[in-house]
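*Asks:* Starting from the known structure of chain P, arrange chain B on it as the hints suggest.
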Amino acid sequence: QKEVEQDPGPLSVPEGAIVSLNCTYSNSAFQYFMWYRQYSRKGPELLMYTYSSGNKEDGRFTAQVDKSSKYISLFIRDSQPSDSATYLCAMRAYNTDKLIFGTGTRLQVFP
Amino acid sequence: NAGVMQNPRHLVRRRGQEARLRCSPMKGHSHVYWYRQLPEEGLKFMVYLQKENIIDESGMPKERFSAEFPKEGPSILRIQQVVRGDSAAYFCASSPTMTGGEATNEKLFFGSGTQLSVL
Chain P
1 QKEVEQDPGP LSVPEGAIVS LNCTYSNSAF QYFMWYRQYS RKGPELLMYT
51 YSSGNKEDGR FTAQVDKSSK YISLFIRDSQ PSDSATYLCA MRAYNTDKLI
101 FGTGTRLQVF P
Chain B
112 NAGVMQNPRH LVRRRGQEAR LRCSPMKGHS HVYWYRQLPE EGLKFMVYLQ
162 KENIIDESGM PKERFSAEFP KEGPSILRIQ QVVRGDSAAY FCASSPTMTG
212 GEATNEKLFF GSGTQLSVL
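As they're listed, the protein sequences go chains P and B.
Just so we're aligned, residue 1 is where the first sequence starts under the numbering used here, counting upward by one.
Just so we're aligned, residue 112 is where the second sequence starts under the numbering used here, counting upward by one.
Next comes chain P alone, as it looks inside the complex (with noise of 0.2 Å):
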């Protein structure tokens, strides 16, 4: 079983439509929960960091992390077509440099 679960889609959504993308894991020691964005070709881009369990937003995005349900997820507000990128969550325990990543999903929003 992998630490980190992420379903790769791709995920279709019309223009204007709430996303909502999901990871679990296994490990109870992450502590510290993050969601990248990668354009193809491009290197990811961090979107959204939080620590522990509870919400955080800016702007259009929204994470919720659930500790108790190993669970995150990113919602998206107001899907934009530019927003068509592959979405990776990723998670570290405390003391340590190391990331693990989800697979990434594809998500694709049509004008």
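It should be emphasised that the hints constitute simulated quantities derived from the structure, not laboratory data.
Errors might be hidden in some of the hints.
[Unchecked claim] Straight line, CA to CA, 20 Å or less: simulated PhoX-like cross-link-like pairs of lysine-lysine: (1) K155(B) / K98(P); (2) K173(B) / K98(P); (3) K162(B) / K98(P); (4) K218(B) / K173(B); (5) K218(B) / K42(P); (6) K2(P) / K98(P); (7) K2(P) / K218(B); (8) K98(P) / K218(B); (9) K162(B) / K182(B); (10) K155(B) / K42(P); (11) K42(P) / K56(P); (12) K173(B) / K56(P).
[To be verified] A partial selection of chain B residues facing chain P, derived with a Cβ cut-off under 10 Å: (13) Q117; (14) S141; (15) K155; (16) Y159; (17) F176; (18) A200; (19) C203; (20) A204; (21) K218; (22) L219; (23) F220; (24) G222; (25) G224.
Note that the structure is a prediction, hence the values are computed from the model and not measured.
Glycine included, every Cβ here is placed at the ideal spot set by N, Cα and C.
*Replies:* Coordinates of chain B only, in the frame set by chain P:
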């Protein structure tokens, strides 16, 4: 302020040759990470370096792979005697501070990667 620069963008090697991948971190960053991305897989940690020091190489294959980050110049990921299974995208990331604990590991800036193809 240029971002993380990786070169070459594409590298083609025949089996048995050596591959050298270069990474220049962002200005002011002294921490460099290498990750490998295989098709349909997430990024896998390989190594974390500071200037002239390897901090964590737990993700590096035991043979043929090595990394360095000299006092002057870019970080180098070196793969000797490449095999087809080494074909992947190799990403370098840099950060301004040390990582772990409550440090700003999340402020990783990635380069655009080097796509290595082994024929």
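*Asks:* Looking back at the numbered hints, which does the structure fail to meet, lowest number first?
*Replies:* 4, 7, 11, 12, 14 and 17
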